[in-house]
Amino acid sequence: MKKINWKEIFKFLSGAFFVTAGASWYFAWHQIDLPFMGGTMSHEFLAIRGCIHFVLFLITFYFGFIKK
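Counting in this note's numbering, the sequence shown runs from 17 upward without gaps.
Be a bit skeptical, because a hint or two may be false.
[Said to hold, decoys possible] In silico DSSO-like cross-links for lysine-lysine, where the CA-CA straight-line distance does not exceed 27 Å:
(1) Lys23 - Lys83
(2) Lys83 - Lys27
(3) Lys84 - Lys18
(4) Lys18 - Lys83
(5) Lys84 - Lys19
(6) Lys84 - Lys27
(7) Lys83 - Lys19
(8) Lys23 - Lys84
These are calculated hints, taken from the structure and not from any lab test.
Build the full structure now, drawing on both the sequences and the hints.
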């Protein structure tokens, strides 16, 4: 059985969370509501989502790049 390289997974996730945080904040800043599966995500929700994803970015960035 092959060992999972968690450091590389955290590196990938940090990039994904960084991009989604930036996109969510962009849409929230310009007050754009996004359609999603028959409903809409409000710009207020996107601002909160951006904050959560930024915190997750910081955590995964730490485990992927900083921690030895």
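Okay, the hints, checked on the actual structure:
Straight-line distance between C-alpha atoms of Lys23 and Lys83 comes to about 9 Å, which keeps the hinted pair within the 27 Å bound. Proposed proximity of Lys83 and Lys27 is supported: the alpha carbons are some 11 Å apart, at most 27 Å. For the hint pairing Lys84 with Lys18, the CA-to-CA distance comes to about 21 Å; that is within 27 Å, so the pair holds. In summary, the hint linking Lys18 to Lys83 is supported, as the alpha carbons are separated by about 23 Å, within the 27 Å threshold.
Taking the CA atoms of Lys84 and Lys19, the gap is near 18 Å; set against the 27 Å cutoff, the hint holds. Between the alpha carbons of Lys84 and Lys27 the distance comes to roughly 13 Å, so the proposed pair stays at or under 27 Å and holds. With a CA separation close to 19 Å, the supplied pair Lys83 and Lys19 stays within the 27 Å bound. The suggested pairing of Lys23 with Lys84 holds, with an alpha-carbon distance near 9 Å, which does not exceed 27 Å.
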